[in-house]
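2 protein chains.
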Amino acid sequence: MSELRKDPVIGRWVIISTERAKRPSDLKVEPARPRGGFCPLCPGNEDKTPPEVFSIADERSGGRGWAVRVVPNKFPALSIEGSLQKRAEGMYDIMNGVGAHEVIIETPDHAATFSSMPVAAITNILLTFKNRLTALKQDSRLHYISVFKNCGEAAGATLEHPHSQLIALPVIPRRVLEKLDGAQAYFNYKRNCVFCDIINQETADGRRLVVSNDHFIAFEPFAPRFPFETHILPRAHLAAFEETPAELMSALAGVMSTVFKKLNAALGFPPFNFMLHTAPFNKDVGEFYHWHLEIIPRLTKVAGFEWGSGFYINPTPPEQAAQYLRDIESGR
Amino acid sequence: MSELRKDPVIGRWVIISTERAKRPSDLKVEPARPRGGFCPLCPGNEDKTPPEVFSIADERSGGRGWAVRVVPNKFPALSIEGSLQKRAEGMYDIMNGVGAHEVIIETPDHAATFSSMPVAAITNILLTFKNRLTALKQDSRLHYISVFKNCGEAAGATLEHPHSQLIALPVIPRRVLEKLDGAQAYFNYKRNCVFCDIINQETADGRRLVVSNDHFIAFEPFAPRFPFETHILPRAHLAAFEETPAELMSALAGVMSTVFKKLNAALGFPPFNFMLHTAPFNKDVGEFYHWHLEIIPRLTKVAGFEWGSGFYINPTPPEQAAQYLRDIESGR
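Chains as they are written, first to last, in the working numbering: chain G, 1 to 332; chain Z, 1 to 332.
With the rest of the complex left out, here is chain G:
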């Protein structure tokens, strides 16, 4: 059983995952994985993953195959069995590593990308996120779910087949608390949602806009940590991703498709991460929080200054990045 440990100074929790314990020789830099080898996420190899917890049938195959498939991570950072058992060790706090760690296999097509996939395929992935968030929310031990994607080795991916992941946590992570606190303070002062105000200012200003439609907006944030960091938000004030109406998912998928076509054209299919920021469970944040998707192409290296300060040096002004992306014809 792995452990969650809390840093006594800044309150940041860490997962100590003893089941993945590594000796120094395991940590040395590994060579790039050979391409074209065996893929446990490809159709036909379903018995190589843990049993699936959710899937969407592939309509094109007459319902015989799958379009999206969700399985527990074979080497989970947290495990769904057990109780939290909070305890202290002298001045330190520990709790058991209870939670969930799932892999969302986004498509049967090993070589697909968000710019090559049909919008309908991206819609299925988003409906899957909504389904898993809704299902895991029933577990009262869980307080937050982080949905994210690592694409490319430099972005931390260990498998090449298109997939995203979710980690359900028994505590609200520090970065999420920070966002909640910031949004609540803004609301207390202005009686407005800070994200709604950002959407209004970005729409009126226009210099940082990348693409938008009736329901969603994609823009380069005013203070981005990384070059070409791109945020996508629903125009409607919605705190929890899973409460977004299913019929809006294709509009979101359309914006995502365009954003990735532009990013991939501009940067040559960069490694990237995306992170879904959504409301925690069991906490009333509906008035002041607003879900958002952050996309980070991994172009610059994070080094000592960023680790030590939480400050980021970004060599590309967001207005320039947005202009560049707007000028790219995305084929829509």
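Any given hint could be a false lead.
Pairs involving identical chains hold if they fit within one copy or between any two copies, as the list cannot separate such chains.
Quick list of in silico lysine to aspartate or glutamate cross-link-like pairs, EDC-like style, CA-CA up to 20 Å [stated by the list, open to error]:
| no. | residue 1 | residue 2 |
| --- | --- | --- |
| 1 | Lys283 | Glu242 |
| 2 | Lys137 | Glu52 |
| 3 | Lys137 | Glu243 |
| 4 | Lys190 | Glu89 |
| 5 | Lys190 | Asp139 |
| 6 | Lys190 | Asp93 |
| 7 | Lys190 | Glu178 |
| 8 | Lys283 | Glu81 |
| 9 | Lys86 | Asp139 |
| 10 | Lys190 | Glu59 |
| 11 | Lys74 | Asp327 |
| 12 | Lys48 | Asp109 |
| 13 | Lys301 | Glu153 |
| 14 | Lys130 | Asp197 |
| 15 | Lys86 | Asp47 |
| 16 | Lys137 | Glu242 |
| 17 | Lys283 | Glu243 |
| 18 | Lys283 | Asp109 |
| 19 | Lys137 | Asp109 |
| 20 | Lys130 | Asp284 |
| 21 | Lys130 | Glu178 |
| 22 | Lys130 | Glu52 |
| 23 | Lys190 | Asp284 |
The set of hints was computed from the structure by calculation and includes no laboratory data.
Starting from the known structure of chain G, arrange chain Z on it as the hints suggest.
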């Protein structure tokens, strides 16, 4: 002139450094730098750097050469000229990128490492940090100095020659505020310095200790973000690094030398970062803060989960890492 921009949600500041503005084609992954090429930091090439702001003479050369040399960064993230000019852009805050960005050339020897350098050479580097912190503290526009080292390409270094850097900032960074707030809350509750209490618990427990002497202690922290993350603290309660007596620097250099001998033996000269956490200027934190040095070997990749949550998955329990490091004979 670059800009500092504040994220309106969580209050994190970002440097938008327009003078280093990059187009997408500049951001693609560069090939590894050729070894053995021209090095602007080597002796004889002093005219290839901006004029030095500090140096320590090399006693072995009879005072003709230098042992340590400090120069402004040729491509600074912040510039020392100008006023802050805080202003707003709608709901956003901006200020000019005023500050300092210096390179500490640690040794004339291009191939030196912290495990090969004599302890006296490391002592000179530490005395240089003390000198620069003391000098820059006089500038009332500056509120915090981040001293850090990026070693190896995977750790963000762009030059091979042994060097560290400092960035002096006109605001206190968020991660530092977080540490200060955590330490102050602990002090308000317990009337003790949280770092002094950590030193006491780690000394009594012993499982996470790496090495110590009369004045300094090195250990794996209880909740480390990364495998083999190692912290070094002075046993005496000292908030500001620059107030550490000069005569203690060789004791600190001795502990650093041993730690790097052990890390390099265990992990095969891994890329690493270190970050000095010290008291901000113009703020009375002496009662509750305590400077510390964080060393992070760069063995694991930070990916979407860590970016989205501020949670870290660490595959190596610190007790195992410390045991492994203690068992290595460091040649002292």
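Against the structure, the hints come out as follows:
1. Lys283 - Glu242: within (15 Å within a copy, 44 Å between copies)
2. Lys137 - Glu52: within (18 Å within a copy, 59 Å between copies)
3. Lys137 - Glu243: Result: close within a single copy only, 12 Å intra versus 51 Å inter.
4. Lys190 - Glu89: between (43 Å within a copy, 17 Å between copies)
5. Lys190 - Asp139: neither (34 Å within a copy, 36 Å between copies)
6. Lys190 - Asp93: between (37 Å within a copy, 16 Å between copies)
7. Lys190 - Glu178: within (18 Å within a copy, 25 Å between copies)
8. Lys283 - Glu81: For Lys283 and Glu81, neither the intra-copy (24 Å) nor the inter-copy (47 Å) Cα distance is at most 20 Å.
9. Lys86 - Asp139: Within. Shortest intra-copy distance 18 Å satisfies the 20 Å Cα cut-off; inter-copy 47 Å does not.
10. Lys190 - Glu59: neither (48 Å within a copy, 63 Å between copies)
11. Lys74 - Asp327: The answer is neither: 42 Å in one copy and 33 Å across copies each exceed 20 Å.
12. Lys48 - Asp109: within (17 Å within a copy, 52 Å between copies)
13. Lys301 - Glu153: Cα proximity of Lys301 and Glu153: in one copy and across copies (13 Å, 9 Å).
14. Lys130 - Asp197: So Lys130 and Asp197 fail the 20 Å test inside a copy (25 Å) and across (45 Å) alike.
15. Lys86 - Asp47: neither (36 Å within a copy, 60 Å between copies)
16. Lys137 - Glu242: within (10 Å within a copy, 50 Å between copies)
17. Lys283 - Glu243: Within one copy, since 15 Å is at most 20 Å while 45 Å is not.
18. Lys283 - Asp109: Result: close neither inside a copy nor across copies, 38 Å intra and 57 Å inter.
19. Lys137 - Asp109: neither (30 Å within a copy, 58 Å between copies)
20. Lys130 - Asp284: Classified as within; 19 Å inside a copy, 48 Å across copies.
21. Lys130 - Glu178: neither (24 Å within a copy, 33 Å between copies)
22. Lys130 - Glu52: within (17 Å within a copy, 58 Å between copies)
23. Lys190 - Asp284: within (18 Å within a copy, 32 Å between copies)
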